[in-house]
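Please arrange chains W and P on chain G, whose structure you already have, making use of the hints.
The primary structure of each chain is shown beneath.
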Amino acid sequence: MPGVFRLAGRRLAASLPVLFGAVVLTFLLMRVLPGDPAVFFASGPNAGPKEIAEVRHQMGLDKPIPVQLVLYLRDVATGNLGRSMTTGQPVVADLVERLPASLELTFSALAIALLLAVPLGIAAALRPHSLIDHAVRFLCTMGVCVPTFVSGLLLIYMFYFLLGLSPDPTGRLDVFATPPPTHTGFLLIDSLLAGDGDSFWAAANQLVLPAVTMALFVLAPLARMTRASMLAVLGSDYIRTARALGLSRPRIVLVYALRNALLPVLTIAGIVFSTMLGANVLVEKVFSWPGVAAYALDALLASDYAPVQGFVLLMAFIFVLVNLLVDVLYGVVDARASAT
Amino acid sequence: MSSTPIAGGWRQSLFILRANRLSAAAGVGLLILILTALLGPMLSPYDPIVSDVPQALQPPSAAHWAGTDQLGRDVLARVIAAGRLDFAIAAAAVVLSFVVGALIGGACGYRGGRVDRWVGRIVDALMAFPLFVLAMAMVAALGNRVENIVYATAIINLPFYIRFARTEVSVRRHATWVEAASACGNGPGRIVTRFLLPNVLPGMAVQISLNLGWAILNAAGLSFIGLGVHPPTPEWGIMVAEGARFITDGKWWLVAFPGLALMLSVLCFNLLGDGVRDMLDPRMRT
Amino acid sequence: MTAPLLRIEDLRVSFATRQGQVQALHGISLSVSPGETLGIVGESGSGKSVTAMAAMRLLDRAGRITSGRIAFRDTDIVAAPERVLRRLRGAAMSMIFQNPRAALNPIRSVGLQIADALRAHRALSAADARREALALLEQVKIRDAARRLDAYPHELSGGMCQRIMIAMAIACDPALLIADEPTTGLDVTTQKAVMDLLSQITRDRHMALLLITHDLALAAQYCQRVTVMQHGRIVETAPPAELFSAPTHAYTRALVAASPTATSTLRPHAAASPIGKTLLSVEHLGKTYADGTVAVADVSFTVAAGESLGLVGESGSGKTTISRMVCRLVDASLGRIMLDGDDIGAIPAADFHRSPWRSAVQIVFQDAGESLNPRFTAFDSIADPLRRLGPTRSREIAARVAECADRAGLPTALLHRFPHQLSGGQKARVGIARALAIRPRLLVLDEPTAALDVSVQAIILDLLDSLRRDEGLSYLFVSHDLNVVRMLCERVLVLQHGRVVEQGTTTEVFARPTAAYTAELIASIPQYAGARVTEAVPTGN
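Protein chains in written order, with this note's numbering: chain G, -12 to 327; chain W, 84 to 369; chain P, 39 to 579.
It is worth saying that the hints were derived from the structure and are not from the lab. Incorrect hints may appear among the rest.
Unchecked claim - Rough simulated footprint, nothing fancy, chain G against chain P, three-plus residues with beta-carbon under 8 Å: (1) 94 to 102; (2) 128 to 138; (3) 153 to 164; (4) 249 to 256.
What the hints assert, rightly or not - Facing chain G, according to a computed beta carbon distance under 8 Å, are these residues of chain W, among others: (5) A107; (6) W201; (7) V202; (8) R204; (9) A208; (10) L214; (11) V216; (12) A224; (13) L280; (14) E325; (15) T331; (16) W335; (17) M346; (18) V349; (19) N353.
Just so it is clear, CB atoms sit at the ideal spot from N, CA and C, and this is done for glycine as well.
Looking at chain G on its own, in the form it has when it is part of the complex:
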């Protein structure tokens, strides 16, 4: 096991430059590209030249770029991401408040996607050329073709308008329901902690359609990778050895095949997670979900740029963190990775 800690340490050290690069890129994006940030960060597009000059001095924009970069790094390190014009609060506070909503949605979607995709992919690989194999391959081909915003809207049409099964697709909780006391910010967990069954179901009901919408989009790559990986593993030499030694079928499939096949799936799950972070925007827009992406988008369209910058940084951080986690998990399962 010490190998795992060494691996984690190495990967962490390797991701620091990436994090640093992300911060620098974010800085460059807002300060170096054409356009006057002072105008953006001032009270509005109609601010007078005196106020703009005041803001510029306040933001340190009259200093040379390298100094600005250092100041920016210092701000980021101390958790100062500016203040939002539209909400009036510090960006950090806004993000912390709204992040659980986005995370709850993304995690639920990932869980649903994995619970569906992995068994489907395995079933397809165990019975090549069968009906289920063709069905899975068809699903994979179609799944990447339909954009999330279209599928979300069509799902609303079907389940809310036609069938009346789903609640009004706005937000995390029905307007008339009372939210449980906040511990984690995750409605599902908080309501369970408070023992509030009604809140739990209300929250889950609202969560279903948006989570399924996102899950549908990532179902295809996950199922395809599971199927491909499982097929590759089932055709490998060491499976042939296991069969030649008379190992039982459950042992061959579960211990020898699956553990090896799931490794690439783990990597893809990490990539898919970051894809979902991006697609979050679309789903949060369609379902009026109060997450960080919707927050940033609203700010963007209102020419309020500090939240956008904070949001970009946050997404980059989460991505690097997820990658780190995936790498470490991979190293735990695959001894070859922690050996290097």
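Showing chains W and P alone in chain G's frame:
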């Protein structure tokens, strides 16, 4: 007496296409879609931009095959007109990212060493930004215009092409036939142009095809959230965004038809990409 | 006469491929008695591996047994349900494979895998299984067994991985062990160790062994009877002595003649061209890589005009690195490479393509298929050096290409084909034609026949020998196969760990080796000691 690989290539391509009906169908479908987009205005009697409010929100009928939107415009006409913009954005973004990415990635894969490592680090940092996040940042900085959507999509694709080109080149760089080329008197320049690229490009062609589908989805997504394209410009994403308001009232055609157009385009690109992969793999040729 | 353990009668197997059903076995019959060692020898496409897989009904999905009987003791293998076969596999009949590292689960420790094999057929606790696994590791002579128990396959050498496979295969004491090319890809000394181990284990446990191999001498050395297969049919079955001294079938005769041995020679030629003055002189050559590994240290030798020098060694000996340095594809760290008095080592490898000496040294690679650009036709590949270094008029180039193809025995009709449309032997000829095209003086040959079937190898070696004599070329012949070197080279250099262990004329070194390593190498070559038929190597492709 020497025969160029291309000559054999066309004959073989037709053979494979005939054998793989799905890809052939995808190719034909794509051709139809592109022609429709190109011919655009000539195909529909309705104007995609001019409003006709009394006709608003009509469900699909014999007069309007795809119904009308909230301003009375024929949905089908708008869908066809939108195709032009979407294909144009996707093509521009993919070509840009492919050319730049392949050059950078190819050079890194060939030379290796410090340049390779530094480019790798920048690519890693770039890949930390999901598309929409980066697009939003770019629009914030550069302004809410269509060109910036193209640049944002191109930049998001860039790391992928750089990585792909780098891997393809560096894997073949150490192949025995590259060593042999050196022994035959080929210098590095010739090795890249006559030996490496012709072997790497087919794989790239597959990725480009798949990427085009993805780029269309992204362009539409960005327009959906209000970046880049503004009304009354017809664009599939914007049409869905405008139709989203009416979905809870059951006006499904505003979303369904642009959605269908999106789906068909991406499907054709994907299937074609798979078919191109089969076609250009020399081991498939007999 | 005890009842046979395994009996195969008129077995036919076909495979579903893109081109339709392909028949792999056309009705073969053989039997293995308890405790007997039977060898099956054949070239690629002979169906020997298919026979082994069919015997345990381990054919992959595309394969089908279309007719025939396979009986193990009294179980009908063809008709038995899967659960009956599962009980037999590993416990009554077992199999070990080629490429041992790939045959082991990469993410599971070796000890656990052996324990899995044990617990598949016996009710053992985890602790007991581990103890027995340890005992098995000791039986297959793995040193430091207790520590190796928790090792992963990628941490072990090829030879060790094969021993572990053997341990897993014998764990439940099967009556029959099938070994499918168990030593192909292993060094010659490792090969001997593994084969000796197999031989001893099967003897001690009174286990029958079915040995599948392409190496006739290996089968002859270790087996009581040898079966020869060709194109999915059994050609002949006999004890090695009969097979070698009085083969009844023409194919067997050809195979025996083509397999290089201690005494085989090539076709006698017209008087060889006289050996002239020194062409290549390598002085204190050394190569150290960036990470500190020393691939070559203080190697010196000469090659005279018209002479053939063999470089012999196992993996890690540095012979490939030396061949690349002489051919100026890689730069040396130390030493000089002199060609006809000029220091060609001083010209960096990256610039050598521009030097006038480029055309003087050419190379034929080990895997001909790998060395041809997949997008070039055979014509383009052969013409490439001409276009870069030779005449510029296309008519001259076309003429020279045709001439070289002819010398290399490649029919002109094949010149417009791509590499994937050519056979192994044809690709080898393209590689040779390409190397000859600009009339080099020194030809470096890096194991040019290692990837070829034995019968094709014999023809290509004969071609190489006649080319040398006719064109007055010098050869630097790199190989791990001592018998081949013995046939083709006048002098030989033995390498180990990047250093020269011994050098001298071939006859001297092989008859009276002075170094212990050389003696070990020579002793490791599988050979059949006994009278054998000798026949001129057949011509044709």
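Against the structure, the hints come out as follows:
no., hint, result
1, 94 to 102, "holds (count 4)"
2, 128 to 138, "holds (count 6)"
3, 153 to 164, "holds (count 4)"
4, 249 to 256, "violated (count 0)"
5, A107, "violated, 16 Å"
6, W201, "violated, 10 Å"
7, V202, "violated, 12 Å"
8, R204, "holds, 6 Å"
9, A208, "holds, 3 Å"
10, L214, "holds, 5 Å"
11, V216, "holds, 5 Å"
12, A224, "holds, 4 Å"
13, L280, "violated, 28 Å"
14, E325, "violated, 11 Å"
15, T331, "holds, 6 Å"
16, W335, "holds, 5 Å"
17, M346, "holds, 5 Å"
18, V349, "holds, 4 Å"
19, N353, "holds, 7 Å"
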